[in-house]
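Here the structure of chain P is known, so what remains is to put chains A, W and R in place on it, guided by the hints.
There are 4 protein chains.
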Amino acid sequence: MDYKVFNEEFKARVERHFKLQGFMDMLGVELTAISPGRVEASLLISDPHRQQKGFVHGGIVASIADVVAGFAAYTLVPADHNVVTGEIKVSYLNPGVGDRLWAKGWVLKQGRKLNFCEAEVWCNNAGKDVLIAKATTSMITLFPGDIAPR
Amino acid sequence: MDYKVFNEEFKARVERHFKLQGFMDMLGVELTAISPGRVEASLLISDPHRQQKGFVHGGIVASIADVVAGFAAYTLVPADHNVVTGEIKVSYLNPGVGDRLWAKGWVLKQGRKLNFCEAEVWCNNAGKDVLIAKATTSMITLFPGDIAPR
Amino acid sequence: MDYKVFNEEFKARVERHFKLQGFMDMLGVELTAISPGRVEASLLISDPHRQQKGFVHGGIVASIADVVAGFAAYTLVPADHNVVTGEIKVSYLNPGVGDRLWAKGWVLKQGRKLNFCEAEVWCNNAGKDVLIAKATTSMITLFPGDIAPR
Amino acid sequence: MDYKVFNEEFKARVERHFKLQGFMDMLGVELTAISPGRVEASLLISDPHRQQKGFVHGGIVASIADVVAGFAAYTLVPADHNVVTGEIKVSYLNPGVGDRLWAKGWVLKQGRKLNFCEAEVWCNNAGKDVLIAKATTSMITLFPGDIAPR
Chain P
307 MDYKVFNEEF KARVERHFKL QGFMDMLGVE LTAISPGRVE ASLLISDPHR QQKGFVHGGI
367 VASIADVVAG FAAYTLVPAD HNVVTGEIKV SYLNPGVGDR LWAKGWVLKQ GRKLNFCEAE
427 VWCNNAGKDV LIAKATTSMI TLFPGDIAPR
Chain A
307 MDYKVFNEEF KARVERHFKL QGFMDMLGVE LTAISPGRVE ASLLISDPHR QQKGFVHGGI
367 VASIADVVAG FAAYTLVPAD HNVVTGEIKV SYLNPGVGDR LWAKGWVLKQ GRKLNFCEAE
427 VWCNNAGKDV LIAKATTSMI TLFPGDIAPR
Chain W
307 MDYKVFNEEF KARVERHFKL QGFMDMLGVE LTAISPGRVE ASLLISDPHR QQKGFVHGGI
367 VASIADVVAG FAAYTLVPAD HNVVTGEIKV SYLNPGVGDR LWAKGWVLKQ GRKLNFCEAE
427 VWCNNAGKDV LIAKATTSMI TLFPGDIAPR
Chain R
307 MDYKVFNEEF KARVERHFKL QGFMDMLGVE LTAISPGRVE ASLLISDPHR QQKGFVHGGI
367 VASIADVVAG FAAYTLVPAD HNVVTGEIKV SYLNPGVGDR LWAKGWVLKQ GRKLNFCEAE
427 VWCNNAGKDV LIAKATTSMI TLFPGDIAPR
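Note that the protein sequences, when read in sequence, are chains P, A, W and R.
So for the first sequence, the numbering used here puts the first residue at 307; every next one is plus one.
So for the second sequence, the numbering used here puts the first residue at 307; every next one is plus one.
So for the third sequence, the numbering used here puts the first residue at 307; every next one is plus one.
So for the fourth sequence, the numbering used here puts the first residue at 307; every next one is plus one.
Keep in mind that a hint or two might mislead.
Within a straight-line C-alpha distance of at most 25 angstroms, the following computed PhoX-like cross-link-like pairs (lysine-lysine) qualify [said to hold, decoys possible]:
#1 R:LYS325 - W:LYS359
#2 P:LYS410 - P:LYS317
#3 P:LYS359 - A:LYS317
Keep in mind the hints are simulated off the structure, nothing from the lab.
These numbers come from a predicted model, not from an experiment.
Same shape as in the complex, but just chain P:
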């Protein structure tokens, strides 16, 4: 396959692509590591991120998992291709308690049409990391000519 050359220029492109997501900005999510097939992101937890029991809202956990998994797939497709989420399953292992939420996503198996990815979401509480969620997803590769995204 004709993969992207993975270099600083490419990292800049992934960052640029990410910055187009206003929702990530709303949440305060930042990309913290980008390498071929692997992406990490992080956010500082504040009150609006918490649900009624004080834990990070499950929707935020799902969102950051989706983003790191999707961008992990995006690092492996040609420059004129795109990636959208086909489906994602998130298992909530532990309540999200702490100051910083971070996630890593990776590609388990890249296919021509589908990329099977996984993500872990961790919560840092007073210096200790706890795995709070695990996600598995099917990320769809969009070819340049694709009108319908699926």
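Leaving out everything else, chains A, W and R in the frame of chain P:
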């Protein structure tokens, strides 16, 4: 089972519970219908909700699906019990294009410990509703004495 | 799209395709209804289908769900295309108690590459049907030229 | 928690429990490794296991994944408790080509009511192992007094 009497007082309690979720406020989500085992919610779509292609961000779709499914389960547990998401799978059927996002969640099977719920997420575009996502979840019932949430 | 004409000849083709699955024969599964985007199947429950508590084994439930969902998608693709399961999630709502297991699968959203399908699995116990499982899947369409199946 | 002492006697109990599953016998699945929170199983592939394209049937892949994940959870619950599958998601990464199918399951997070488990399914083809599927599941712990299984 000893279910809550379902009345105006109860609706007020569900609303109050919902308002404790700062993240829902951040997104602009409002509950629009509450009945036993069934909850609907809605949000007006604005730019921060959209990803780089102009579609509603998948994380927001997952979040509203999680909320209507979880609150649907919450309407069926005793007043001193709580509900947390065990896992959720969201399938993205169509891109989220339009002005208003709305979702309905319902309980497929209530168990003592686990509630299997489903949710549909719709997008209203110029008056036409399109089903954009379908979710299935396992919602965990928390008993009053539960220390660990799972 | 250039869909198959749906007629008796086509039903015969679906049946033929199904009969190539030795595993379905091993289980005793039969197709009981075939229409565009919707397929039903059934099996008579006997001892080897049951796990240690006397309930139908979850693997059999997942297998019949997979088959009706996959064949539902297969009814909608062109005659020279094929369908394989990308992923499936099965939620076990109730124990499988009874004499006959049956399932219906349908296409929720057909896409060019991916078909989102659902399936219900029911158990008939002394004349009464109980919904025992619900599945959601992503079925991948294989084009004639596809070498790698995904 | 009051976990089982993990010894030869316990392994014998797991084996005994497993042998009660006629469906595993029908498929030819054998447990090949049992340790606390981790179980492996294997089957020799023959024609009835294959679907129309000659690949191992997805239902068999899901079944062996379910079994190793469920028994992994079973190794960690007290002797008078039981484990049933709440839900399972299986992602099919590669077609199952080869002579021997084997799987390993492990507990990602044990909770009091729910055990989040994962499983990998591998296919050995002429001496080379290929990862063909990945599963994530919620396994429900049944307490001695539980009448309804969920």
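Checked hints:
Restraint check for LYS325 of chain R and LYS359 of chain W: satisfied, since their Cα atoms lie roughly 12 angstroms apart, inside the 25 angstroms limit. For the proposed pair LYS410 of chain P and LYS317 of chain P, the alpha carbon gap of about 16 angstroms is at most 25 angstroms, so the pair holds. A C-alpha spacing of about 19 angstroms is found between LYS359 of chain P and LYS317 of chain A, which places the hinted pair at or below 25 angstroms, so the restraint holds.
Of the numbered hints stated above, none is contradicted by the structure.
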